[in-house]
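Number of protein chains: 2
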Amino acid sequence: MTNKTESIGSVKQEYLTFAEGSEGLKLDSGLSLGPITLSYETYGELNAEKSNAILVEHALSGDAHAAGFHEGDKDPGWWDVLIGPNKALDTNKYFVICPNVIGGCKGSTGPASINPKTNKHYGLDFPVITIADMVRAQKHLIDHLGIKKLLCVIGGSMGGMQVLQWVATYPKHVQSAIPIATTLKHSPQQIAFDEVGRQAVMADPAWEEGNYYGKAKPERGLAVARMIGHITYMSDKSMEEKFSRRLKAQDYSFKFSTDFEVEGYLRYRGDNFVRRFDANSYLYLTKAMDYFDLSGSKLIPKDKDIDIRFLVISFKSDWLYPSYQSQEIARQLKLRGQDATYCEINSTYGHDAFLLEVEEETHLIKHFIKKTFQG
Amino acid sequence: MTNKTESIGSVKQEYLTFAEGSEGLKLDSGLSLGPITLSYETYGELNAEKSNAILVEHALSGDAHAAGFHEGDKDPGWWDVLIGPNKALDTNKYFVICPNVIGGCKGSTGPASINPKTNKHYGLDFPVITIADMVRAQKHLIDHLGIKKLLCVIGGSMGGMQVLQWVATYPKHVQSAIPIATTLKHSPQQIAFDEVGRQAVMADPAWEEGNYYGKAKPERGLAVARMIGHITYMSDKSMEEKFSRRLKAQDYSFKFSTDFEVEGYLRYRGDNFVRRFDANSYLYLTKAMDYFDLSGSKLIPKDKDIDIRFLVISFKSDWLYPSYQSQEIARQLKLRGQDATYCEINSTYGHDAFLLEVEEETHLIKHFIKKTFQG
Numbered sequence: 000m001t002n003k004t005e006s007i008g009s010v011k012q013e014y015l016t017f018a019e020g021s022e023g024l025k026l027d028s029g030l031s032l033g034p035i036t037l038s039y040e041t042y043g044e045l046n047a048e049k050s051n052a053i054l055v056e057h058a059l060s061g062d063a064h065a066a067g068f069h070e071g072d073k074d075p076g077w078w079d080v081l082i083g084p085n086k087a088l089d090t091n092k093y094f095v096i097c098p099n100v101i102g103g104c105k106g107s108t109g110p111a112s113i114n115p116k117t118n119k120h121y122g123l124d125f126p127v128i129t130i131a132d133m134v135r136a137q138k139h140l141i142d143h144l145g146i147k148k149l150l151c152v153i154g155g156s157m158g159g160m161q162v163l164q165w166v167a168t169y170p171k172h173v174q175s176a177i178p179i180a181t182t183l184k185h186s187p188q189q190i191a192f193d194e195v196g197r198q199a200v201m202a203d204p205a206w207e208e209g210n211y212y213g214k215a216k217p218e219r220g221l222a223v224a225r226m227i228g229h230i231t232y233m234s235d236k237s238m239e240e241k242f243s244r245r246l247k248a249q250d251y252s253f254k255f256s257t258d259f260e261v262e263g264y265l266r267y268r269g270d271n272f273v274r275r276f277d278a279n280s281y282l283y284l285t286k287a288m289d290y291f292d293l294s295g296s297k298l299i300p301k302d303k304d305i306d307i308r309f310l311v312i313s314f315k316s317d318w319l320y321p322s323y324q325s326q327e328i329a330r331q332l333k334l335r336g337q338d339a340t341y342c343e344i345n346s347t348y349g350h351d352a353f354l355l356e357v358e359e360e361t362h363l364i365k366h367f368i369k370k371t372f373q374g
Numbered sequence: 000m001t002n003k004t005e006s007i008g009s010v011k012q013e014y015l016t017f018a019e020g021s022e023g024l025k026l027d028s029g030l031s032l033g034p035i036t037l038s039y040e041t042y043g044e045l046n047a048e049k050s051n052a053i054l055v056e057h058a059l060s061g062d063a064h065a066a067g068f069h070e071g072d073k074d075p076g077w078w079d080v081l082i083g084p085n086k087a088l089d090t091n092k093y094f095v096i097c098p099n100v101i102g103g104c105k106g107s108t109g110p111a112s113i114n115p116k117t118n119k120h121y122g123l124d125f126p127v128i129t130i131a132d133m134v135r136a137q138k139h140l141i142d143h144l145g146i147k148k149l150l151c152v153i154g155g156s157m158g159g160m161q162v163l164q165w166v167a168t169y170p171k172h173v174q175s176a177i178p179i180a181t182t183l184k185h186s187p188q189q190i191a192f193d194e195v196g197r198q199a200v201m202a203d204p205a206w207e208e209g210n211y212y213g214k215a216k217p218e219r220g221l222a223v224a225r226m227i228g229h230i231t232y233m234s235d236k237s238m239e240e241k242f243s244r245r246l247k248a249q250d251y252s253f254k255f256s257t258d259f260e261v262e263g264y265l266r267y268r269g270d271n272f273v274r275r276f277d278a279n280s281y282l283y284l285t286k287a288m289d290y291f292d293l294s295g296s297k298l299i300p301k302d303k304d305i306d307i308r309f310l311v312i313s314f315k316s317d318w319l320y321p322s323y324q325s326q327e328i329a330r331q332l333k334l335r336g337q338d339a340t341y342c343e344i345n346s347t348y349g350h351d352a353f354l355l356e357v358e359e360e361t362h363l364i365k366h367f368i369k370k371t372f373q374g
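Protein sequences, first through last, are from chains C and B. Numbering that gives the first Met the number 0 numbers the first residue of the first sequence as 0 and each following residue consecutively. Numbering that gives the first Met the number 0 numbers the first residue of the second sequence as 0 and each following residue consecutively.
Just so you know, the hints here were simulated from the structure itself, not pulled from any lab data. Certain hints may be false.
Same chains, same label: a pair holds when it works inside one copy or across any pair of copies.
[To be verified] Result set (EDC-like, lysine to aspartate or glutamate): computed pairs, CA atoms no more than 20 Å apart in a straight line:
id	residue 1	residue 2
1	K254	E208
2	K73	E5
3	K236	D292
4	K25	D250
5	K254	D27
6	K254	D124
7	K105	E218
Given these sequences and hints, build the entire structure.
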């Protein structure tokens with residue numbers, strides 16, 4: 000075995016279905032959901048003691064395909080740079096699990112799924128879910144895999160919220176946690192950006208109150224929402240470095256077509272997204288993030304005896320999830336006497352940095368998990 | 000005369016029409032526009048020497064109604080806090096002029112105007128204009144008023160771009176200039192926000208390639224564009240102070256209705272805007288801003304003998320037009336040997352601060368203009 004990083008290679012998605020009884024999974028809204036299917040992928044081998052399991056949580060537009068290649072695909076999973084042999088999440092040593100969230104549209108039960116009560120797509124009959132609901136569903140998967148305690152739960156952005164929610168809901172089942180570029184609660188600015196994205200989707204007449212399945216999709220609305228998102232994922236500086244004021248043609252068009260490269264990029268990313276993402280899932284997942292609030296003592300209640308190691312990571316140029324929010328996570332953890340390390344990585348990539356700052360993240364995460372695993 | 004500030008009181012809009020010949024006004028695009036009407040307001044009296052004229056330039060959603068009250072109105076003009084007896088732009092001493100830009104929708108010729116060639120609304124037949132075209136049109140108004148040299152040109156945001164354009168195009172006609180919360184050129188991030196707003200408008204089927212006059216307007220698209228704008232005009236901190244995570248009802252709705260106060264505010268501002276603004280004007284004015292570029296020596300060419308006093312103002316929490324852009328204006332001016340003062344006002348209001356930080360602005364502007372006037 001060398002230290003050279005490799006790809007985990009060919010991977011396949013798996014599925015677990017549960018909550019098939021009349022009860023279903025009880026949700027924060029008071030409603031129930033069932034049956035629930037979770038799509039997930041695993042990389043590496045679970046050891047005999049089942050002590051080497053790492054749960055990876057994905058962000059808004061992510062999915063269960065975090066690493067390796069699906070048959071016929073040119074591009075690997077969304078966090079392949081961090082997951083694989085000798086990588087930050089070293090699949091020679093650890094068993095890595097990545098589930099798609101409920102409410103999503105990549106194999107797990109969501110608004111695009113068939114409602115068994117009506118035999119039609121759920122649409123807006125799908126219950127509004129919370130980050131805690133996502134995590135409750137994931138607990139079924141972890142139980143199914145026979146894992147009593149997760150070596151680590153790790154994720155960025157909405158994935159980081161799930162990490163914190165695992166700590167709050169199942170503290171005895173978590174040995175260490177790495178929340179990245181995330182927050183204890185959405186600020187009004189974060190809620191505002193999400194709300195504008197939702198309004199863009201719902202303003203599209205093709206949305207039809209969520210009943211667009213089998214018909215024209217609200218593509219233009221969702222593309223606008225995604226374009227707004229992309230601006231917030233980058234930084235002023237990274238946009239300057241990537242695009243500056245470069246034009247697509249020789250001179251201004253004096254039309255409302257695409258003049259600047261940055262405009263072309265945003266349109267491309269918007270158009271691309273609508274082909275792979277369900278507009279209703281966009282509504283449900285952003286709402287779950289807006290509802291998320293583990294501020295104050297809600298993360299670690301005062302009376303609880305909790306022993307979890309924490310590595311909190313933020314990025315200097317991330318203005319969507321600014322460093323002060325990660326510092327507040329670290330502050331709350333220290334106030335509750337937890338073993339917490341905070342690192343701000345000096346990046347110009349903005350919020351996207353958690354997907355791009357491979358070298359620094361690898362260094363921090365690899366060392367932290369190794370130390371946790373060795374005890 | 001006391002030093003107590005007062006309202007200028009009742010005011011009326013005036014109109015000037017020019018470029019009525021077959022030629023029209025030659026535009027940067029190579030096209031011509033004519034006839035052109037400018038709506039404008041004036042406050043105070045022009046002195047015999049015509050040496051006390053201050054030109055006020057408005058921002059994207061502004062208009063000629065900068066101060067005082069229109070008959071029957073409860074609210075004064077958009078910069079009434081700075082314009083009036085004993086205010087920053089003291090109408091006891093100065094003659095203040097504020098025109099609506101061409102391309103706008105508040106009385107000056109724009110895409111909602113009637114095209115004399117077709118007797119229909121221009122719509123997208125209106126030529127794409129630039130900030131320089133706006134200023135060229137304003138020069139006709141200044142000539143009409145018999146003013147050879149403006150004591151001061153002042154404005155924030157898009158208004159600040161017009162200020163800089165006056166300096167670049169008509170340096171001999173400007174004695175002093177106050178560009179506020181503005182830039183020498185739109186950055187890719189600023190272009191990106193504008194482009195998403197335009198995409199939101201154009202994604203609305205009611206937009207109909209700009210031919211919606213007399214029919215249903217693209218209200219939902221324009222409302223989304225305005226909501227995006229509003230987020231960028233405030234700061235993370237001012238939103239926290241104003242809204243925090245306060246709910247409109249007792250608890251989460253678990254629906255896609257308005258949960259948070261910040262959502263209600265944005266929807267209100269979006270809905271309000273569509274009643275008073277033309278969607279096509281939104282496209283034209285944002286495009287003009289994106290095209291604006293007086294970077295490098297384009298503001299003050301090396302070979303020109305120019306003697307203008309400058310006061311450059313920015314606001315600490317303004318992330319849409321960050322202070323580094325105003326510092327770059329000041330740097331370019333000093334490189335060209337100009338008499339330039341730069342001030343950053345310590346505000347939490349974000350970009351909106353130029354409309355709200357009355358006390359500090361009054362102090363800086365009043366003193367600066369007084370000194371310029373006394374020579």
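Taking the hints in turn, this is what the structure says about them:
no. : hint          : verdict
1   : K254 <-> E208 : between (34 Å within a copy, 12 Å between copies)
2   : K73 <-> E5    : within (16 Å within a copy, 69 Å between copies)
3   : K236 <-> D292 : between (30 Å within a copy, 18 Å between copies)
4   : K25 <-> D250  : between (59 Å within a copy, 18 Å between copies)
5   : K254 <-> D27  : between (49 Å within a copy, 13 Å between copies)
6   : K254 <-> D124 : between (42 Å within a copy, 10 Å between copies)
7   : K105 <-> E218 : within (18 Å within a copy, 33 Å between copies)
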